[in-house]
Amino acid sequence: MSMGVLISNIQRFSLQDGPGIRTTAFLMGCSLRCPWCCNPENLEANRRAFVRPSRCARTAGSCRFNPQCPALEEGRPLALEDVGACPIGAIGIYGREYTEDELVAAMLADRPFYQDGGGVTWSGGEALLQANALALAMARLHGQHIDQCMESCLVAPSEAVSAVLPYLDRMICDVKLLDPNRFATLFGGDLDVYLGNLRLVCAQVPDVTFRFPVVPGMTDDAENIEAIVTLVDKLRPARFELFGVHGLAESKYRGLRLPFSTFEQVPEARLEDIAALVARTGVPVRIAHL
Amino acid sequence: MDVDKVIASERFKKCRDGFPAELYERYTMGRPRNETERAAFVHEARSRARRFSDSDNARNIRSIFEHCRIEPDTSRRYFYNIDAFLSYKTYERVVLNSTPDWKTIIERPLTDLYVSADAAADEAQRTFASRNNATVDAMLAYLDRCIRYVERSDFANKDQIVVWLSSLKTRGAESFEEALQRLLFVNQLFWQTPHNLIGLGRVDKLLDERYRADIESGALTREGAREAIGEFLRVLHRYYWYKSGALMGDTGQICIVGGKEPDGSYFSNDLTYLFIEVVKELQQPDPKVLLRVDDDVPADLVSLALDCIQTGIGCPLISNDEQVIPAMIAFGYAPEDSYDYVTSSCWEPLVAGIAHEQNNIADIHFLLPLFWLSQDGQMDEEKLPSFDALVEGYLQNLSRLCGYIGDDLDKLSWDDDPLYSAFTAPCRASLTDVARGGGAYANFGVLSLGMANLVNSLYNIKRYVYDAHRFTLAELDGYRKENFEGHEAVLDLLANTPKSFGRDDPEVIALVRRIMDTVETSFSAYRNRFGGKVKCGLSAPGYIMGSLYTEASFDGRLYGTPYATHISCDDPLPYTELMSFASKLDYSGIRFNGNVVDFFCTPNLMKDNHDQFVSLIMTSFKMGVFQIQVNVVSAATLIDAKAHPENYPGLIVRVWGFSAYFIDLPENYQDDLIARALINERAA
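Read top to bottom, the protein sequences are chains A and B.
Take the first sequence: its position 120, counted from the start at 1, is 445 in the working numbering, and no numbers get skipped.
Take the second sequence: its position 195, counted from the start at 1, is 184 in the working numbering, and no numbers get skipped.
In case anyone wonders, no lab produced these hints; they're calculated from the structure.
Note that this is a predicted model, so its numbers are computed, not measured.
Keep in mind that a hint or two might mislead.
Which stretches of chain A does chain B cover? Using the computed rule of at least three CB atoms under 8 Å from a CB of chain B, they are [claimed, not checked]: (1) 340 to 354; (2) 403 to 416; (3) 429 to 443; (4) 491 to 504.
With the C-beta cut set under 7 Å, the calculated list includes, among others, these residues of chain B facing chain A [said to hold, decoys possible]: (5) Ser156; (6) Leu482; (7) Asp560; (8) Pro561; (9) Thr565.
Ideal placement from N, C-alpha and C gives every residue a C-beta, glycine not left out.
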């Protein structure tokens, strides 16, 4: 059995997920199903075919290049073998399994640029779901003194967290909903697992960022925000970031033939109000534009 | 619309090239016109424009300086005057895109330019001496006219200006501002005669001694110097329309700042910072700044340069001395000249004031040798059975192309140039006009066209013909020759295949190096009649003009559409990948004639991540990147500016190696910028 790591994309010159210039790997497979997810290609832990809407030549339900193209059928999920059906290459595949060597090499391609506080970031999906395989690459990067960050929803077995903790210099932890029932019904997750892991991370990782997605009608009610402020005050992360969810992933949903939900834009003033509430804890707060 | 600007550009063309006023139509680019202004322009141009045509250019120079009208802007602090309606006729090329010896001009009086005919060994040298001295006479007589004008003018500081100008006759400049006025006076002499793209030299170094002396004596403050530099740059910008060449904005007025010293230290001073700060505040497309950096450049200087770039004005361009200087020395330049390099109007390294160097005299059109394989009936797998065979065939043709370029260079000749020669010490010493080999260096620089399109073409052929066997070579070439008409699926496939040029892929890098090795080898034995060599680089200013009548290529580029520019990628690559690619190319040998990485960035991305961009630039140079320039603009702004030019009179963009007002650009240049900005934003 191979110990490869399934990854949809390795993004060089990544500026959003940790300090400096970073390389971010997006691991496939996720333990939650957040309705606003902007990386839907990483929800399932397997390779997936998709259509590049900007490339697809379909007009009025037909295609001049291949009238039998499987992508013409509205809503039909694509199979991996459908890739060859498009003569202009508009059907692609998300997902490639990296061997440990390949992954280490890919994450080190920009090593000279990491010197001013940069490094690598593991994101997803949920990187912890592939913790065992990932930890091997992480150990090697750690041995080369590469700064490592992980962005996680922390809904994973605590053994997974323990497997990667020794190599992490920093972590970006999602903080979404703190009501156990809503956590279970909206995301399909266990809040206790999340909170247990969060405490572990805060106790052991040197630099922890809480990242809060502000989703109107889902995460922005007073009760949830009050609970978050209490949690921040108690666990004292290095910083707290919040951002309004955006609809930038629509083309990904369309390409994957998945239903897409739209969310109303969060006014900047609303973000500032929430930021002010959290800032009372004394923890530095930043509004991120992701 | 800025009618003045449009009319002014036409005025420039009228008097410089003697073209009829009908060219006005071309320069208005179909925008609404003010007919009253147009009629006034045509009338003025017809009544005033004059081109002298004596066979002796020294007499032409005298005629110009005797007749030119003196109409400076007296609201400014410095005297600067160009009569845009006077010129003289040239029959051959004129030395251009060069930088005079500003150091000597600051330190010595104009009378030092006289030569003695006593040492003349032959008639040619006697003629040179006579023309040189007549030219200096003409300049000094013109100087007197200007001084008399200033004495009677309403310049607020006219007494000061008279002192500054008068010293040109007797001594070197004694103060910072006197040096600025002196640079301006001599600068206008070059522009008044048929020279263009006049570089401004290493301004921080040239002015260093007088700046420090004035600061120490209390005659000048840093704030005062800032204002003086602002005036200096505003005055130089006044004739923007007249100075613009191929496109509005292409003036070649480049200030070089910073640089590595022979002792290994990095030179910068207050003026280095001040010039960048002032350019950032002025928000003019010209004059522009080029910042020389090395491994020891202070981070705060790079940070300031980024602040300036972030405003969108396209400069400073940043040039890496760690690459440029060793390459120049190895090529054959004296070390002291190499450390003191300036550049031609874009970025091609140059020695100021002593040379007859023409740094962009020809282009290597990299797709042509591939098209020749097709024309010679070679595009067939029987003749080219493998990708290696294709590359080998290509390189043989490339070598032929370089030979043809060398043959063409041998046919070029230059008009006698008494003014340029008078300011060029080796010409005065040898009593030989620059056009006849009087300059110290006479190397010719060739630039690139379509390198990225070539490399992407080769890899498309590899992928679809030799690896996937999807088409035969003949089939694919047939589609291309028909401009892909009726083969839209093939075109779409080729155009959307990931681009290779710019990727951090060892195989691609090796291919680019091999192509440039062939260029180097092909030109290695070339010497022009002045003994100069050929140098080359990957910069490609002609990416639109040079592509206009060129057939379709295998990268999915259609007939006549633009090439990729400089070292860039038409896919949205991460900047670090493009930099890694560029850092692994070979810029040694003859390959140092400008190699600029060119990328787009949105204003917000740079603003929100300033420190990361400083780190990106500094690390890239340490890795071996040669030069960098950045267009900071959003596609949405450009699209709106194209639709509503009246709302964007001050929007500045970087074009090839200069900055320009976006609304002044021809539509194909606007469209190319929009397309590149959109590609960049796909990466975000």
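Checked hints:
1. 340 to 354: That given contact holds, which follows from 3 residues of the segment 340 to 354 of chain A lying within Cβ reach (below 8 Å) of chain B.
2. 403 to 416: holds (count 3)
3. 429 to 443: Satisfied; 7 residues make the cut.
4. 491 to 504: violated (count 0)
5. Ser156: With a minimum Cβ separation of about 49 Å from chain A (threshold 7 Å), the hint on Ser156 of chain B is violated.
6. Leu482: 5 Å, holds
7. Asp560: 13 Å, violated
8. Pro561: Pro561 of chain B check fails; min Cβ-Cβ to chain A is 11 Å, beyond 7 Å.
9. Thr565: This interface hint holds because 4 Å falls under the 7 Å limit.
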